[in-house]
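Participant: Based on the sequences and whatever the hints tell you, model everything.
Number of protein chains: 2
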Amino acid sequence: MLEDKNPKKTALSKLGEFGLIDHLTQNFKINQESSIKGIGDDAAVLNFNNAQTVLTTDLLIENVHFDLSYMPLKHLGYKAVVVNLSDVYAMNAKATQITVSIAVSNRFPLEALEDLYEGIYTACKHYNVDLVGGDTTSSTTGLLISVTALGIAESDKIVYRNGAKPNDLLVLTGDIGGAFMGLQVLEREKEVFKVNPNNQPDLSMYAYIVERQLKPEARKDIIDLLEQLQVKPTSMIDVSDGISSEILHICKQSKVGCELYENKIPLDPQVISTCEEFDIDSTTIAINGGEDYELLMTISQDDYPKIKANPNFTVIGYITEEAKGKHLITRAETAIPLKAQGWNALNDQE
Amino acid sequence: MLEDKNPKKTALSKLGEFGLIDHLTQNFKINQESSIKGIGDDAAVLNFNNAQTVLTTDLLIENVHFDLSYMPLKHLGYKAVVVNLSDVYAMNAKATQITVSIAVSNRFPLEALEDLYEGIYTACKHYNVDLVGGDTTSSTTGLLISVTALGIAESDKIVYRNGAKPNDLLVLTGDIGGAFMGLQVLEREKEVFKVNPNNQPDLSMYAYIVERQLKPEARKDIIDLLEQLQVKPTSMIDVSDGISSEILHICKQSKVGCELYENKIPLDPQVISTCEEFDIDSTTIAINGGEDYELLMTISQDDYPKIKANPNFTVIGYITEEAKGKHLITRAETAIPLKAQGWNALNDQE
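Protein chains in written order, with UniProt numbering: chain A, 1 to 350; chain B, 1 to 350.
There may be inaccurate statements among the hints.
Each pair may be met inside one copy or between any two copies, as identical chains are not told apart.
Derived DSSO-like pairs: lysine-lysine, alpha-carbon spacing no greater than 27 Å straight-line [what the hints assert, rightly or not]:
#, residue 1, residue 2
1, K190, K9
2, K215, K9
3, K255, K29
4, K74, K9
5, K339, K324
6, K264, K215
7, K215, K29
8, K194, K9
9, K190, K215
10, K215, K74
11, K190, K324
12, K220, K165
13, K220, K29
14, K14, K74
15, K194, K308
16, K29, K74
17, K339, K157
18, K125, K29
No wet-lab data here; the hints were simulated from the structure.
Facilitator: Structural data, given as structure tokens:
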């Protein structure tokens, strides 16, 4: 019946994920006194009796976000929690509670869900968050996980996406591109397995990047570290899509430009060697790969001395006036416009 | 790969929805100081700087929870919000914020999602809650909506499921069974439509029960009314499954028994006439039907004078000592054990 009522149709893929959210929610206004920040950052910010509460939610869907042929359910449970906590940390907040809802088809026996919840349990323990609710229901196909995470922060500690200023340094934690290359390795092994199910793959030479894909960690340690170092970033976002997409979010919301230096992007040797093996350009992977769950932040130059000796942080560029645009400065010192070619949920599907 | 590792399998349907949640979450402990109440009530209760925050989440899945052949998307958006707010009100709290995540297949054009969000918008406006976040992603099949709702309450106002005491009155708001019978009418019309797509159904004689199914309301008015009347229920739950299931939740958590009087259960005349037309026993529908989103509460007998003149409330039974059991007292004054035969998500599916 749906299909017949309106001859004018717009395909969802035309808008992209972020365009779609913006479009659908443009008329929604914030009315509650307790709503400090609604849609448009890593998490919403709420104020209850002057305690700032951070709220974020994510959906993970089988065969869109994960493939159970190589993703163990324990890891999946762990990762489902981590990707949400990462959004809380990206607000410079401490994660405190989660809810987990799952929809499953009867294809899954109880033991499969026990594995999933063991992963969720391990993540709750590791990150010291409480599971406080959820919903369990049947699905007609496959497995779906919806996690909501809450966190708290003092109001003057919360870091939004919109505070970057010209001359701020663009700083990345850890290294990137690993999760994406890990996925490539797993996808290749899956194809091999289809041809020869008795083949026992040796993934030891890919251990780091496969773990980055299957069991990523959220950078809670960085939030603690920033507190110790007395650094409050001017803006921050977690790297769930590629850094290119994340930098553009910061630039758009902060109304600034940026220069990102190709030769500064931190890559693990395993990412470089696997990119060579797959004959893919490692910079393309680094800026567009996604799922690394590192933190990308901008800090005032005054704070540079506090972070420069710390191996957790790499300065990868700096913020400019908006009119200067957003550029990747290549190794050949050519400035090319930065584009978000990151993972786009709505283009990926059939 | 999943299927081969463990020869010992337990079908999910063996546990039922509530058994499954209990089983999967039994080892999870509450560690955060701010977690007052975790899993096991209509919503979690959190305490941030002495403001009690209520948190609840629900998943709605196409062809499990709704059928788009008769559920207009606007109504679906409205209902998706309402079912979550109902859980907040069931804690005697005020709903303040929601997040909405959707997964959609490309079968849906943008205009369909605009309709869905128009319903969400209308509900936000009607109940004065803010949409503050969400996630939008693709699904391989159909439409899925995950809503999380937050509310606030003073800590001494929150009503749990576990406070019912012997001799308390069992009180229901509004009337029940309508949503279920509305569904029966819609399902019948769908079958007629399949045979004769040109048939224009006249649903005017079923207007009330169809609206109960397609556009239910959450009883925010009751929360305001209880405050005016200065009544704090000893326990409360919303009627999303049948009242039989809800009463048993209260009895289990409060460690009490109950007597429910068949002749006191409030039914709309349209429910009675439609039950006659479908040749179904109206009491069976009333106690097992579900989706009415009324509030079921227990109140101290001392509070009875405050509610007795109010048409919103019906006393349908009373609480007993646990050892006396849980019974339905029929019109023939026979006591039969109360069983939860309500909607069970995990038995319904193929």
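Participant: Work down the list of hints and note, for each, if the structure agrees.
Facilitator: Hints and how they fare:
With identical chains, the CA atoms of K190 and K9 are at most 27 Å apart between copies only, with a shortest distance of 25 Å across copies and 37 Å within one. In the homo-oligomer, the alpha carbons of K215 and K9 lie at most 27 Å apart only across protomers (26 Å), although the nearest pairing inside one protomer, at 40 Å, exceeds that limit. For a Cα distance limit of 27 Å, the shortest separation of K255 from K29 inside one copy, 22 Å, qualifies, whereas the shortest one across copies, 44 Å, does not. Taking the shortest alpha-carbon separations for K74 and K9, only the inter-copy value of 17 Å comes in at or below 27 Å, while the best intra-copy value is 41 Å.
For the identical chains of this complex, K339 and K324 are intra-copy neighbours only, at 15 Å inside a copy versus 70 Å across copies, given an alpha-carbon limit of 27 Å. For a Cα distance limit of 27 Å, the shortest separation of K264 from K215 inside one copy, 26 Å, qualifies, whereas the shortest one across copies, 56 Å, does not. In this assembly of identical chains, the alpha carbons of K215 and K29 lie at most 27 Å apart only when taken from different copies (23 Å versus 38 Å within one copy). Taking the closest pair of Cα atoms, K194 and K9 come within 27 Å of each other only across two copies (25 Å); inside a single copy the shortest separation is 39 Å, beyond that limit.
In this homomeric assembly, K190 and K215 come within 27 Å of each other (Cα to Cα) only inside a single copy, at 18 Å, whereas the closest approach across copies is 46 Å. Taking CA atoms no more than 27 Å apart as the test, K215 paired with K74 passes inside one copy only; the shortest distance there is 9 Å, against 39 Å between copies. Proximity of K190 to K324 under the C-alpha cut-off of 27 Å is found in neither arrangement, the shortest distances being 45 Å within a copy and 59 Å between copies. Only within a single protomer do K220 and K165 lie at most 27 Å apart by alpha-carbon distance; the minimum there is 25 Å, versus 45 Å between protomers.
Taking CA atoms no more than 27 Å apart as the test, K220 paired with K29 passes between copies only; the shortest distance there is 20 Å, against 32 Å inside one copy. Taking the shortest Cα distances, K14 and K74 sit within 27 Å of each other only across copies (22 Å), while inside one copy they are farther apart (35 Å). When the C-alpha separation of K194 and K308 is checked against a cutoff of 27 Å, the pair qualifies neither within a copy, at 48 Å, nor between copies, at 69 Å. With identical chains, the CA atoms of K29 and K74 are at most 27 Å apart between copies only, with a shortest distance of 18 Å across copies and 39 Å within one.
For the homomeric pair K339 and K157, neither the shortest alpha-carbon distance inside one copy (30 Å) nor that between copies (52 Å) is at most 27 Å. When the C-alpha separation of K125 and K29 is checked against a cutoff of 27 Å, the pair qualifies only between copies, where the shortest distance is 9 Å, while the shortest distance within a copy is 37 Å.
The earlier numbered hints that this structure contradicts are 11, 15 and 17.
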